[in-house]
Amino acid sequence: MNSREKVLGRVRAALGPARGTPVEVPRGYRRRLAEPADRADVVALFSERVAEYRASVRHVGADEVATAVAAALWGRGAARIAVPADLPYGWLAELEGVQAVADAPPIPAGALDGMDGVVTGCAVAIAQTGTIVLDGGRGQGRRALTLVPDHHLCVVHADQIVGTVPEAVARLDPVRPLTWISGPSATSDIEMARVEGVHGPRVLEVLIVDGPLC
Amino acid sequence: MRVELFVACFNDAMFPGTGRAVVRLLERLGHQVVFPAGQTCCGQMHWNTGYRQEAAELARAFTGVFGGAGAVVTPSASCATTVREAYPRIARAAGDPGLARAAEGLAVYELTEFLVDVLGVTDVGAYFPHRVTYHPTCHSMRMLGVGDRPLRLLRAVRGLDLVALPAAGECCGFGGTFAVKNSDVSVAMVADKVRHIRDTAADVVCAVDNSCLSHIGGALSRLRSGVRVMHLAEILAATEAAKEGTP
Amino acid sequence: MTAPAGTPPPKFADAARAALADTQLRRNLHNATATIRERRAAAAGELPDWEELRAAGAAIKDRTLLNLDRYLEELERAVTDAGGTVHWAATAAEANRIVTRLVRATGQREVVKVKSMVTQEIGLNEALAAAGITARETDLAELIVQLGDDRPSHILVPAIHRNRAQIRELFLRAMPGAPADLTDEPAALAAAARAYLRERFLAAEVAVSGANFMVAETGTMVVLESEGNGRMCLTLPETLITVAGIEKVVPTWEDLEVFLQLLPRSSTGERMNPYTSTWTGVTPGDGPREFHLVLLDNGRTKALADEVGRAALRCIRCSACLNVCPVYERTGGHAYGSVYPGPIGAILTPQLRGVKAAQPASLPFASTLCGACTDLCPVKIDIPEILVHLRGEVVEARRHRPVPTPELALMRTAAWTMADPRRYEAALRRGTRWARLLSRGGRIRRLPGPLGKWSDARDLPAPPAQSFRAWWREREGGR
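Protein sequences appear in the order of chains A, B and C.
Take 1 as the starting number for the first sequence in full-length UniProt numbering and just add one per residue.
Take 1 as the starting number for the second sequence in full-length UniProt numbering and just add one per residue.
Take 1 as the starting number for the third sequence in full-length UniProt numbering and just add one per residue.
Treat the hints loosely; a few may be bogus.
[Stated by the list, open to error] Ranges between beta-carbon positions, derived for each pair:
hint	chain 1	residue 1	chain 2	residue 2	range
1	C	R200	B	R224	52 to 62 angstroms
2	C	T183	A	G75	23 to 33 angstroms
3	B	G68	C	R423	19 to 29 angstroms
4	A	D173	B	V118	57 to 67 angstroms
5	C	E46	B	G147	22 to 32 angstroms
6	A	R19	C	G107	35 to 45 angstroms
[What the hints assert, rightly or not] 16 angstroms max Cα-Cα, derived EDC-like pairs, lysine to aspartate or glutamate:
hint	chain 1	residue 1	chain 2	residue 2
7	A	K6	C	D69
8	A	K6	C	E94
9	B	K181	C	D14
10	B	K181	C	D456
11	C	K380	C	E51
12	C	K453	B	D184
13	B	K181	C	E407
14	A	K6	C	E73
If you are wondering where the hints come from, they were derived from the structure by calculation, not from laboratory data.
Glycine included, C-beta positions come from ideal geometry on N, C-alpha and C.
Please model the complete structure; the sequences and the hints are all you need to start from.
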């Protein structure tokens, strides 16, 4: 008997007559935020919760994205950044003195490590937990791109922000590789003292674009 | 009303004052107390230490004595827990549906539950002019869920200065046979409990279970702390006239 | 700290005695557990539907366990369809052989690892080392443990027993390239670990991980972490090998909406941990080109066969029960002699290893049954109930020995005595006389035999001359 049959056989024997018993899952928990929140409240909550992870948050109008991206990169003294090949072109329109390298062909890991930052969009954001989810879709790139550089600048559109974790799970496609990001990388392994910045990006900046997606 | 008293073997031998206090208190409140002479032990120690057969024997004896009775009151929260929570499990482990049915028919109350829920009293007319802190034992708090009933009873006692115990919800470290099998950890736990008790500067620490109190009291006594442990029933039984029960 | 290889760990009470005397350990544990308890309470208290989430979490796990064969087959199909390969391991040795073979097939001699309880359980690092393969732990705490040739003492914070000064000394001694002017600031220590591991991540070809959850319907793996070392391991290497216990499966993608709330808030006390990665098989152009999933039994089906004990398999390894346990807080994790310490370890280890040997048999007794763990377990495992049940298993396993244990003899005698009111009363009178002889000034300060452990640190009041029942009889007689 191979191990597969052995393990499955043991499972069946262990359960005996109880095997296959249906169990009703009580789903009385909340799928949406408690108070009937309008869009502005959800966005405000997201912005507050992201900031509590010590990530920087800025609200910008749809026509200010390029300026805000450029300002954030200048502010960090970035000279060379990586971007997904399909990043909306307009977001980089005002970069001056900063070289944006598109990830096509894929930038080797060693070269990514030499980049001063990365700019991406996201798939979904969650207000209640201050989380950004990337799914490798448009403007997000492959997972390594937002991991190796030390500075991640993420553009979140107000429309992408949902209230709760269940709302996010419902919107996401499990077939895609997902990265849920809640603040910069962190550890509390030493005396439970929180240190921001370990292996993942040590700086997370979020630009929330209010108003309609252009 | 007629009340059957389950005193608990531990109290019978070591803390008869607690049983006497329950009798005095309930009689003072106008109720008739009966002590079924056939009672011995609920089987808690055996069950909690893993001796299923022995626990089942004692559970059968218990249901034989108290089965069919009306309200049974006990001044031991852990014994009340054993009868209410463990008896169905003991019956299942022993494959004894008769015991399960008998256990279902029992109406066993921990003293403060009985006073507050069944009799509907919180002021029992007690007088106890001392500084007192209250330790909520794990069984009373987490398994029985007596909540603030003991505190409500204490607050109504005249002359009593009730002081809150820091980290009250943390176990004292008794745990039945744990106190001997893992005596080092048990002592480390009671050391912290004693520290918190002494921080309150109370004269008396009370609870609804003498087993935990014998552990806490044993450590307080070894340290010659001068702090006394008392079962809550003894405080509730104390009046200006009665002399028993004063520290 | 480390026991020599091959020596069985001491029984809990003996190991605990040594731990209790370690002043630094006591302080480190107290500070860390108190901090994390507060954070958990705040994070759980913030959600108005916390109790509903717990109820759902428990039910999803029960549904999984009672239909485990079906969900495992579903998972296998989904992972295979997504380009992954599924392996089955009945034992630890078999899992180690599979992983070793997979690593060898890549031609690599080094693997990077994401913190995983299950690979500790099976001793994977040691097995790989025996095959000439270096396994590098990349979680900061695991790195601290590995560099110190130490053992983890907590599920979530494996180096909880070490403080910053101890970690600084360790890094200076054992971490190649650690800066000579390293301070004991946690930020400086974390930066040193980052620098040390970065080139290893960038060069890594093979990674080994565990999984927090596996979704049967989609074949999706889920790993929650904080530092980004997990993302490094899951993303940069060409080959990813995930080892997971068979109980880690959940039926549906939707079920994650429950656990992604319960787990971070229960374990680190955060609304959400910094990084959660999910992946399904392989994705061309993004991450590893090869994905292997090793499904491990190693005693889990034994636990599953126990109708009471199986609830322990609901565990999502949040470690909230450790942090709130008054026993764990004082002894730390090493005393449990297992990778799963604390209350959950005390019910899981004896089920995985069996209760024949003295060490795992001592674990169900390492608790006062205070119930603080069950009050906050996110999947509502009734830990005291299972502890008592396993105590029963321990006793039953020894009941029919040719020479009964002294405890069995004592317990049988006590039950025989107590089962009859006349015998009980006779014993009561004898016991009282005997105890009063031992007392001085109303106190017993020294008890004989095994009870001496009580009187080592605690007095016992002398029993009053008149028992309650004697008083009652006298009173009734006088009426």
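Checked hints:
For R200(C) paired with R224(B), a C-beta distance near 60 angstroms keeps the hint of 52 to 62 angstroms intact. About 28 angstroms separates the C-beta atoms of T183(C) and G75(A), a value consistent with the hinted range of 23 to 33 angstroms. A hinted range of 19 to 29 angstroms for the beta carbons of G68(B) and R423(C) is consistent with their spacing of about 24 angstroms. Checked against the hint of 57 to 67 angstroms, the pair D173(A) and V118(B) passes, with Cβ atoms roughly 58 angstroms apart.
The given range of 22 to 32 angstroms is respected by E46(C) and G147(B), whose C-beta atoms sit roughly 23 angstroms from each other. Taken as a hint, the range 35 to 45 angstroms holds for the pair R19(A) and G107(C), whose Cβ atoms sit roughly 43 angstroms apart. Among the hinted pairs, K6(A) with D69(C) is consistent with the structure: their alpha-carbon atoms are about 11 angstroms apart, no more than 16 angstroms. Restraint check for K6(A) and E94(C): satisfied, since their Cα atoms lie roughly 12 angstroms apart, inside the 16 angstroms limit.
Proximity of K181(B) to D14(C) is assessed by CA-CA distance (about 10 angstroms); at most 16 angstroms being required, the pair is judged to hold. For the proposed pair K181(B) and D456(C), the alpha carbon gap of about 13 angstroms is at most 16 angstroms, so the pair holds. For the given pair, K380(C) sits about 10 angstroms from E51(C) by alpha-carbon distance, which is consistent with the 16 angstroms threshold. For the hint pairing K453(C) with D184(B), the CA-to-CA distance comes to about 9 angstroms; that is within 16 angstroms, so the pair holds.
Note on K181(B) and E407(C): the hinted pairing holds, with a Cα-Cα distance of about 11 angstroms set against a maximum of 16 angstroms. Taken as a hint, the K6(A) and E73(C) pair is honoured in the structure, with Cα atoms around 13 angstroms apart against an allowance of 16 angstroms.
In the structure shown, no violation is registered for any of the earlier numbered hints.
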